[in-house]
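Can you make the complete structure from the sequences, with help from the hints?
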Amino acid sequence: MKTIITTPNAPAPIGPYNQAVLKNGMLYASGQIAINPETSELVLDDIKTETKQVMENINAILKEANMTFEDIIKTSIFISDMHNFADINEVYGQYFDEATAPARETVEVANLPKFVNVEISFIASK
Numbered sequence: 001m002k003t004i005i006t007t008p009n010a011p012a013p014i015g016p017y018n019q020a021v022l023k024n025g026m027l028y029a030s031g032q033i034a035i036n037p038e039t040s041e042l043v044l045d046d047i048k049t050e051t052k053q054v055m056e057n058i059n060a061i062l063k064e065a066n067m068t069f070e071d072i073i074k075t076s077i078f079i080s081d082m083h084n085f086a087d088i089n090e091v092y093g094q095y096f097d098e099a100t101a102p103a104r105e106t107v108e109v110a111n112l113p114k115f116v117n118v119e120i121s122f123i124a125s126k
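Note that full-length UniProt numbering has the sequence shown beginning at 1, numbered continuously upward.
Rather than coming from a laboratory, the hints here were simulated on the basis of the structure.
Ideal placement from N, C-alpha and C gives every residue a C-beta, glycine not left out.
A portion of the hints provided could be inaccurate.
[Unchecked claim] Quick list of the computed label-pair ranges, beta carbon to beta carbon: (1) Asp97 with Thr49: 20 to 28 Å; (2) Asn24 with Asp45: 34 to 42 Å; (3) Asn24 with Asp46: 37 to 45 Å; (4) Val109 with Asp45: 15 to 23 Å.
[Unchecked claim] In the DSSO-like style, the derived pairs of lysine-lysine whose C-alpha atoms are separated by at most 27 Å in a straight line are: (5) Lys126 with Lys23; (6) Lys63 with Lys126; (7) Lys74 with Lys23; (8) Lys114 with Lys52; (9) Lys126 with Lys52; (10) Lys126 with Lys2; (11) Lys74 with Lys126; (12) Lys63 with Lys23; (13) Lys52 with Lys74; (14) Lys2 with Lys23; (15) Lys114 with Lys126; (16) Lys48 with Lys63; (17) Lys63 with Lys2; (18) Lys114 with Lys48; (19) Lys2 with Lys74; (20) Lys114 with Lys74; (21) Lys63 with Lys74; (22) Lys74 with Lys48; (23) Lys114 with Lys63.
Here is the structure:
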C-alpha cells in the first residue's frame, strides 16, 4: 500500500501527480521548483534564491513524511544552464552533511517546467 504525502507548505501539483509517495519506508518525491507555496509565485530573483526555495520546498515534504535531509539517499538535479552549477551546489550543500550526503546526478536540460532554472527530485528512506 502506498501513502500519498501532501503538504500546503510545498507547491501544489500542477498536473496529475502528487508531491510525494511513501511505500515500504521509501519516499519518492516529485521534482520541486522554486514556487513559493504561500503565494504560488515563482521565486526567480537569482539562482541562489531560486535554489533555496527549491530546498525549502523539499524540506516541507520531508517534514510532512517525518523525515529529514539525512534520510535522503538520492537526488536528481536538473538545471537549464551548467554555468549555474557552482551557485546551485553552494546552496544545495548547506542542507547536507558532506560525509553523509546522498548520491546525486546533475543534468543540464533544454527546458524545465515554467522555464525555471533548477528542479530537484529525491528519494528518501527511513
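Tested hints:
Checked against the hint of 20 to 28 Å, the C-beta distance between Asp97 and Thr49 comes to roughly 23 Å, which is consistent with it. Take Asn24 and Asp45: their Cβ atoms lie about 39 Å apart, and the range 34 to 42 Å holds. At about 39 Å, the beta-carbon gap between Asn24 and Asp46 stays in the expected band of 37 to 45 Å. At roughly 21 Å, the beta carbons of Val109 and Asp45 sit within the given window of 15 to 23 Å.
Proposed proximity of Lys126 and Lys23 is supported: the alpha carbons are some 11 Å apart, at most 27 Å. For the given pair, Lys63 sits about 12 Å from Lys126 by alpha-carbon distance, which is consistent with the 27 Å threshold. Using a Cα cut-off of 27 Å, the hinted pair Lys74 and Lys23 holds, with the two alpha carbons roughly 16 Å apart. Among the hinted pairs, Lys114 with Lys52 is consistent with the structure: their alpha-carbon atoms are about 17 Å apart, no more than 27 Å.
Restraint check for Lys126 and Lys52: satisfied, since their Cα atoms lie roughly 24 Å apart, inside the 27 Å limit. Of the pairs offered as hints, the one joining Lys126 and Lys2 holds, with about 15 Å between alpha carbons and a cut-off of 27 Å not exceeded. For the hint pairing Lys74 with Lys126, the CA-to-CA distance comes to about 13 Å; that is within 27 Å, so the pair holds. Annotation: proposed proximity of Lys63 to Lys23 holds, straight-line Cα distance about 16 Å (limit 27 Å).
Distance restraint check for Lys52 and Lys74: the Cα-Cα separation of roughly 18 Å lies within the 27 Å cut-off, and the hinted pair is therefore satisfied. Between the alpha carbons of Lys2 and Lys23 the distance comes to roughly 5 Å, so the proposed pair stays at or under 27 Å and holds. Pair hint Lys114 plus Lys126 does not hold up; C-alpha atoms about 32 Å apart against a cutoff of 27 Å. Taking the CA atoms of Lys48 and Lys63, the gap is about 22 Å. The hint holds against a cut of 27 Å.
As the CA atoms of Lys63 and Lys2 are separated by approximately 18 Å, the hinted pair is consistent with the 27 Å bound. Distance restraint check for Lys114 and Lys48: the Cα-Cα separation of roughly 18 Å lies within the 27 Å cut-off, and the hinted pair is therefore satisfied. Restraint check: the Cα-Cα separation between Lys2 and Lys74 comes to about 20 Å, which is no more than 27 Å; the hinted pair holds. Taken as a hint, the Lys114 and Lys74 pair is honoured in the structure, with Cα atoms around 24 Å apart against an allowance of 27 Å.
A distance of roughly 17 Å separates the Cα atoms of Lys63 and Lys74; the hinted pair therefore holds under the 27 Å criterion. For the suggested pair Lys74 and Lys48, the alpha carbons sit about 21 Å apart, so the restraint of at most 27 Å is met. A distance of roughly 26 Å separates the Cα atoms of Lys114 and Lys63; the hinted pair therefore holds under the 27 Å criterion.
In the structure shown, a violation is registered for the earlier hint numbered 15 alone.
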